Amino acid sequence: MEKSSFNKNNDPLLNRILFLLPVSSGGGGVHSIVQETIGMRRIGVQAKIAVPKKHRLKFIKKYEDIDVVEDLFLGFEIHELGELSKKFDVIVGTIYTSMKLVKKVVDDNPGIQAAYYVQDYEPLFSKPNTPEWQEARDSYTLVPNAILFAKTDWICQKVYEEHGVHVKKVSPSIDHDVYKPDPLAKKRAGLEDKIVISAMIRPKTPRRGAERTMCLLKRIYEHFGDKVHIEIFGCTEADPLFQELERNFKHTNNGELTRLGVAAVLQKSDCFIDLSDYQAFGRTGLEAMACGSFIISTKYGGVYEYTVDKFNGFLVDPFEEIILSCFLEKINKKEKLNYLKINSLQTASYYSIHKAAISEVIIL
116 MEKSSFNKNN DPLLNRILFL LPVSSGGGGV HSIVQETIGM RRIGVQAKIA VPKKHRLKFI
176 KKYEDIDVVE DLFLGFEIHE LGELSKKFDV IVGTIYTSMK LVKKVVDDNP GIQAAYYVQD
236 YEPLFSKPNT PEWQEARDSY TLVPNAILFA KTDWICQKVY EEHGVHVKKV SPSIDHDVYK
296 PDPLAKKRAG LEDKIVISAM IRPKTPRRGA ERTMCLLKRI YEHFGDKVHI EIFGCTEADP
356 LFQELERNFK HTNNGELTRL GVAAVLQKSD CFIDLSDYQA FGRTGLEAMA CGSFIISTKY
416 GGVYEYTVDK FNGFLVDPFE EIILSCFLEK INKKEKLNYL KINSLQTASY YSIHKAAISE
476 VIIL
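Here the sequence shown stands for residues 116 to 479, where the numbers follow this note's numbering.
The hints are simulated quantities; they were obtained by calculation from the structure and are not laboratory data. Any given hint could be a false lead.
[Unchecked claim] What follows is a list of derived Cβ distance ranges for each label pair: (1) Pro246 to Glu307: 46 to 56 Å; (2) Lys283 to Arg303: 41 to 51 Å; (3) Lys365 to Tyr454: 25 to 35 Å; (4) Leu306 to Lys451: 15 to 25 Å; (5) Leu439 to Gln461: 20 to 30 Å; (6) Gln249 to Glu352: 30 to 40 Å; (7) Leu129 to Tyr454: 41 to 51 Å; (8) Lys215 to Leu430: 30 to 40 Å; (9) Glu450 to Thr256: 46 to 56 Å; (10) Gln272 to Ile438: 26 to 36 Å.
[Unchecked claim] Under the rule of at most 27 Å between Cα atoms (straight-line distance), these lysine-lysine pairs were calculated in the DSS-like manner: (11) Lys333 to Lys365; (12) Lys242 to Lys319; (13) Lys445 to Lys456; (14) Lys319 to Lys168; (15) Lys301 to Lys365; (16) Lys173 to Lys319; (17) Lys168 to Lys215; (18) Lys449 to Lys302; (19) Lys284 to Lys295; (20) Lys215 to Lys202; (21) Lys201 to Lys283; (22) Lys456 to Lys309; (23) Lys169 to Lys202; (24) Lys449 to Lys295; (25) Lys449 to Lys309; (26) Lys414 to Lys445; (27) Lys301 to Lys448; (28) Lys283 to Lys202; (29) Lys445 to Lys365; (30) Lys309 to Lys451; (31) Lys169 to Lys219; (32) Lys173 to Lys215; (33) Lys342 to Lys302; (34) Lys448 to Lys333; (35) Lys163 to Lys295; (36) Lys295 to Lys425; (37) Lys425 to Lys445; (38) Lys456 to Lys425; (39) Lys202 to Lys219; (40) Lys301 to Lys451.
Here the structure is a predicted model, which is why all the values come from computation and not from measurement. Backbone N, C-alpha and C define an ideal beta-carbon position, used for all residues, glycine too.
Construct all of the structure, not just a fragment, from the sequences and the given hints.
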């Protein structure tokens with residue numbers, strides 16, 4: 116088996132890149148890795164994603180719309196990773212739990228360049244001083260000479276402020292083959308005379324603000340009545356945590372969706388709501404814009420990367436009661452609604468898989 120001989124003077128397009136994803140599934144962060152790896156392959160870079168062998172078929176099923184999906188995902192057992200990595204020049208951790216694996220690989224194979232795709236500030240996921248919190252904090256400095264990169268200024272600044280580590284900025288990506296406008300979507304669904312509002316409800320992740328989002332949706336329905344149509348996705352109706360939420364208003368729960376399913380909901384939507392505690396990026400918000408919807412989003416975190424208040428959405432404090440009047444007038448007047456939706460479409464057009472892939476390849 117050919118051993119990697121990484122050289123920083125090499126043509127970056129010749130680097131063989133392995134993203135390490137030791138999880139069973141995932142959301143927006145996983146989508147980023149998948150579509151950006153595909154973007155790298157499109158420009159001739161040998162790039163793959165290593166996932167636990169027992170979960171490989173799950174990933175293949177989830178991304179079955181990708182024609183190279185069988186070749187894209189490599190299954191691994193931990194004891195196989197060192198040998199597997201010898202076929203690559205760069206190994207990229209993608210979550211804090213992956214960095215100890217990255218360290219083991221480069222300790223055993225010093226010719227491989229280590230990198231870390233920082234997709235959130237993950238110490239915020241755990242209570243301070245717990246083992247998980249400490250492992251997340253340690254991940255940013257665990258591997259000497261690793262290249263850290265992230266897609267928002269907020270993440271770069273947060274890691275530098277907390278750890279004194281410089282994180283390179285890369286471009287976010289949107290898959291415009293999946294997330295694109297469909298001007299007839301509302302008509303086909305019999306909703307052309309409705310204001311369609313959507314939201315992701317994921318109660319198993321408390322920072323996503325499921326309870327307050329459902330409460331806001333109820334207030335919106337009470338204001339508009341049947342003039343509004345509300346669609347949610349992200350959890351099943353039978354989820355015990357969902358059953359504990361405010362549900363006493365008319366809405367459609369689409370359950371857990373694939374990328375294509377999410378796009379189908381967003382293409383019908385006039386407005387997408389995200390009342391997370393914070394968003395390191397907020398991929399679904401930008402995907403909503405790409406489908407022609409404006410957003411109501413938390414003002415905390417990295418959403419400023421693409422959201423401009425009152426231009427393509429509204430930025431709100433999710434911890435305070437939201438004053439509906441500030442945006443209900445915009446929703447209720449067609450010309451103001453169109454202004455927000457057109458600006459959203461234009462904003463999303465600035466981001467692409469190709470641009471993101473290039474931005475990553477040149478820093479690796």
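Outcome of the hint check:
no.	hint	in the structure
1	Pro246 to Glu307: 46 to 56 Å	holds (53 Å)
2	Lys283 to Arg303: 41 to 51 Å	holds (43 Å)
3	Lys365 to Tyr454: 25 to 35 Å	holds (28 Å)
4	Leu306 to Lys451: 15 to 25 Å	holds (19 Å)
5	Leu439 to Gln461: 20 to 30 Å	holds (26 Å)
6	Gln249 to Glu352: 30 to 40 Å	holds (37 Å)
7	Leu129 to Tyr454: 41 to 51 Å	holds (46 Å)
8	Lys215 to Leu430: 30 to 40 Å	holds (37 Å)
9	Glu450 to Thr256: 46 to 56 Å	holds (52 Å)
10	Gln272 to Ile438: 26 to 36 Å	holds (29 Å)
11	Lys333 to Lys365	holds (8 Å)
12	Lys242 to Lys319	holds (16 Å)
13	Lys445 to Lys456	holds (11 Å)
14	Lys319 to Lys168	holds (25 Å)
15	Lys301 to Lys365	holds (18 Å)
16	Lys173 to Lys319	holds (20 Å)
17	Lys168 to Lys215	holds (18 Å)
18	Lys449 to Lys302	holds (16 Å)
19	Lys284 to Lys295	holds (26 Å)
20	Lys215 to Lys202	holds (19 Å)
21	Lys201 to Lys283	holds (25 Å)
22	Lys456 to Lys309	holds (15 Å)
23	Lys169 to Lys202	holds (21 Å)
24	Lys449 to Lys295	holds (21 Å)
25	Lys449 to Lys309	holds (11 Å)
26	Lys414 to Lys445	holds (19 Å)
27	Lys301 to Lys448	holds (17 Å)
28	Lys283 to Lys202	holds (25 Å)
29	Lys445 to Lys365	holds (22 Å)
30	Lys309 to Lys451	holds (16 Å)
31	Lys169 to Lys219	holds (21 Å)
32	Lys173 to Lys215	holds (24 Å)
33	Lys342 to Lys302	holds (15 Å)
34	Lys448 to Lys333	holds (21 Å)
35	Lys163 to Lys295	holds (26 Å)
36	Lys295 to Lys425	holds (22 Å)
37	Lys425 to Lys445	holds (9 Å)
38	Lys456 to Lys425	holds (11 Å)
39	Lys202 to Lys219	holds (16 Å)
40	Lys301 to Lys451	holds (19 Å)
Going down the numbered hints, you'll see the structure goes against none, and every one checks out.
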